[in-house]
Amino acid sequence: MLVDAIVEAIRLAVTRIPDDVVSALRKAYEREESGVARFNLENILKAVEIGRDGSIPVCQDTGTLTFFVRAGVESPYLRGLEGAIVEATRRATREVPLRPNAVDVLNGKNSGDNTGLFVPVVHWELVEGSEIEMAVLPKGGGSENCSALAMLTPGEGWEGVKRFVLERVRECGGKPCPPVILGIGVGGGADLSLSLAKRALLRRVGERNSDGRIAEIEAELLEEVNSLGIGPMGMGGKTTALDVKIEVAHRHPASFPVGLIVQCWANRRAFLRIKPDGGIEVWQ
Amino acid sequence: MAVRLRTPLGEEDVLNLRAGDVVHLSGTVYTARDSAHRRILELAARRELPFDLDGAVIYHCGPVIRKGGGGYEVVSAGPTTSARMNRYLEGILSLGVRGIIGKGGMNPGPFKGRTVYFAFTGGAGSLAAKSIKNVREVLWLDELGTPEAVWVLEVEDFPLLVAIDANGSSLYGR
Numbered sequence: 001m002l003v004d005a006i007v008e009a010i011r012l013a014v015t016r017i018p019d020d021v022v023s024a025l026r027k028a029y030e031r032e033e034s035g036v037a038r039f040n041l042e043n044i045l046k047a048v049e050i051g052r053d054g055s056i057p058v059c060q061d062t063g064t065l066t067f068f069v070r071a072g073v074e075s076p077y078l079r080g081l082e083g084a085i086v087e088a089t090r091r092a093t094r095e096v097p098l099r100p101n102a103v104d105v106l107n108g109k110n111s112g113d114n115t116g117l118f119v120p121v122v123h124w125e126l127v128e129g130s131e132i133e134m135a136v137l138p139k140g141g142g143s144e145n146c147s148a149l150a151m152l153t154p155g156e157g158w159e160g161v162k163r164f165v166l167e168r169v170r171e172c173g174g175k176p177c178p179p180v181i182l183g184i185g186v187g188g189g190a191d192l193s194l195s196l197a198k199r200a201l202l203r204r205v206g207e208r209n210s211d212g213r214i215a216e217i218e219a220e221l222l223e224e225v226n227s228l229g230i231g232p233m234g235m236g237g238k239t240t241a242l243d244v245k246i247e248v249a250h251r252h253p254a255s256f257p258v259g260l261i262v263q264c265w266a267n268r269r270a271f272l273r274i275k276p277d278g279g280i281e282v283w284q
Numbered sequence: 001m002a003v004r005l006r007t008p009l010g011e012e013d014v015l016n017l018r019a020g021d022v023v024h025l026s027g028t029v030y031t032a033r034d035s036a037h038r039r040i041l042e043l044a045a046r047r048e049l050p051f052d053l054d055g056a057v058i059y060h061c062g063p064v065i066r067k068g069g070g071g072y073e074v075v076s077a078g079p080t081t082s083a084r085m086n087r088y089l090e091g092i093l094s095l096g097v098r099g100i101i102g103k104g105g106m107n108p109g110p111f112k113g114r115t116v117y118f119a120f121t122g123g124a125g126s127l128a129a130k131s132i133k134n135v136r137e138v139l140w141l142d143e144l145g146t147p148e149a150v151w152v153l154e155v156e157d158f159p160l161l162v163a164i165d166a167n168g169s170s171l172y173g174r
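In order, the protein sequences belong to chains A and B.
Position one of the first sequence corresponds to residue 1 (full-length UniProt numbering), numbered consecutively onward.
Position one of the second sequence corresponds to residue 1 (full-length UniProt numbering), numbered consecutively onward.
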């Protein structure tokens, strides 16, 4: 059943850190020389194992659940999908369990089940065809607090992008739980740049943008971020970021928007596909 | 080599610690985040705080909790970002708190001469939960909700790094 499958995807996302992220963390551990950096990376690797073996959330901040849906307009499962996502969120909160993280902005009251106004967050994209593909990204608050938007002038261009990202990462230090993964969206206006930046986090660590020019900027920026020396948990070291992901859109001639979404090392995600015959696949 | 400490902490327990030391902490810790800090300071000002923070350790943490067997079980409980609590730091330390556990660091100034900041690894909530043996009590759960309530936890050999010591030395921003 659809709700069961979505609950399973949420459970997978919060209890299992994806293999590409774990292997990047292991490499970081081997590279670090200081005892303090190794203390933190060793704890991270232990926590990953405990989460996987015990099927419990690796991090207590199970985040705001964010779904990216690519919905084939001919799928017979479109109707009721939003309701199924909300129901699965409530059930996962009880069953996984998740931490209830949805709070009323006026009186601070916690809804208790991770649902409320506009949460869980669902990004819809309508596409041709009869399949539905969705991703779940449980996004933690500590790293999200370091996210930012810059409306650069076109003259500042890509040098400006780098400067803005490096300044922001330096200013945030240990707050977002480094080593981080940076999602960056460039172009498209203020709203789209941030949305692209968040979507960029769905890509595997090590996977570069298919446009070679953008891929080059990703690699350069990764090296520059790591040369800041902030290190695991902001206590110094060689690994400040595991990866940098950039997505782009065309821009207005007057604007150069840059959305930055900072993701902690626990780059959690899971995917789900609903086929036209009702078959469902869940993977990471 | 790790220093073993048990709560409540005395002045001499913390003044000798140096940034970079590993401490295995046992005893009671009180979780507190933004709302709990505000509430603690309000009640303390009216002398109505229902627990004594002299020698206590505050943990910046909002745990994942499972209810069952007539009590609460901590499932995952890593630290939250401490910098959000900088604004309450002086007030909280003036209540006699001797240790703060969190991640990301805080303003080192108020720690000088009296308290240390312990860091645990952010995101490693499943590992931290292994050191938590028991939930002794929960305060203000209905009003503040699970993440913001004060959970009174019994910990055993919780492995922590001294990240800011009472001399003002810090592992952050080097």
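Do not rely on the hints blindly, as some may be mistaken.
[Unchecked claim] No more than 20 Å apart at the CA atoms, straight line, and that leaves these computed lysine to aspartate or glutamate pairs for EDC-like:
(1) LYS130/B with GLU220/A
(2) LYS238/A with GLU42/A
(3) LYS46/A with ASP157/B
(4) LYS130/B with GLU42/A
(5) LYS238/A with ASP211/A
(6) LYS275/A with GLU128/A
(7) LYS238/A with GLU95/A
(8) LYS109/A with ASP142/B
(9) LYS109/A with GLU143/B
(10) LYS27/A with GLU49/A
(11) LYS162/A with GLU131/A
(12) LYS46/A with GLU156/B
(13) LYS162/A with GLU216/A
(14) LYS67/B with GLU154/B
(15) LYS46/A with ASP19/A
(16) LYS109/A with GLU156/B
(17) LYS130/B with GLU49/A
(18) LYS112/B with ASP13/B
(19) LYS67/B with GLU95/A
(20) LYS130/B with GLU156/B
(21) LYS109/A with GLU42/B
(22) LYS67/B with ASP142/B
(23) LYS67/B with GLU224/A
[As the list claims (entries may be wrong)] Partial list, derived from the structure: chain A residues whose beta carbon lies under 8 Å from chain B:
(24) LEU98
(25) CYS177
(26) GLY234
(27) PRO276
Rather than coming from a laboratory, the hints here were simulated on the basis of the structure.
Ideal placement from N, C-alpha and C gives every residue a C-beta, glycine not left out.
Does GLU49/A lie within 20 Å of LYS27/A when you go C-alpha to C-alpha?
-> Satisfied, since the Cα-Cα distance of roughly 16 Å is no more than 20 Å.
Is the Cα-Cα distance between LYS162/A and GLU216/A 20 Å or less?
-> Holds, at about 13 Å.
LYS162/A and GLU131/A: Cα distance at most 20 Å?
-> violated, 38 Å
For the pair supplied as a hint, LYS109/A and ASP142/B, confirm whether the alpha-carbon distance does not exceed 20 Å.
-> Within the cut-off at roughly 9 Å; holds.
Within 20 Å, alpha carbon to alpha carbon, are LYS130/B and GLU156/B?
-> holds, 9 Å
Has the given pair, LYS109/A with GLU143/B, been kept, meaning a C-alpha gap of at most 20 Å?
-> holds, 7 Å
Restraint check for LYS238/A with GLU95/A, where alpha carbons must lie at most 20 Å apart | With a Cα-Cα distance of about 38 Å, the restraint between LYS238/A and GLU95/A is violated, given a limit of 20 Å.
Does GLU95/A lie within 20 Å of LYS67/B when you go C-alpha to C-alpha?
-> holds, 11 Å
For the pair we were handed, LYS67/B and GLU154/B, check the Cα-Cα distance against 20 Å.
-> holds, 17 Å
20 Å Cα cutoff - pair LYS238/A, GLU42/A = holds, 15 Å
Starting from LYS109/A, check that the Cα of GLU156/B is at most 20 Å away, please.
-> Violated, at about 33 Å.
Interface hint for PRO276/A, Cβ within 8 Å of any Cβ on chain B = violated, 37 Å
Checked against the numbered hints above, the structure violates hints 1, 5, 7, 11, 16, 23, 27; every other hint is satisfied.
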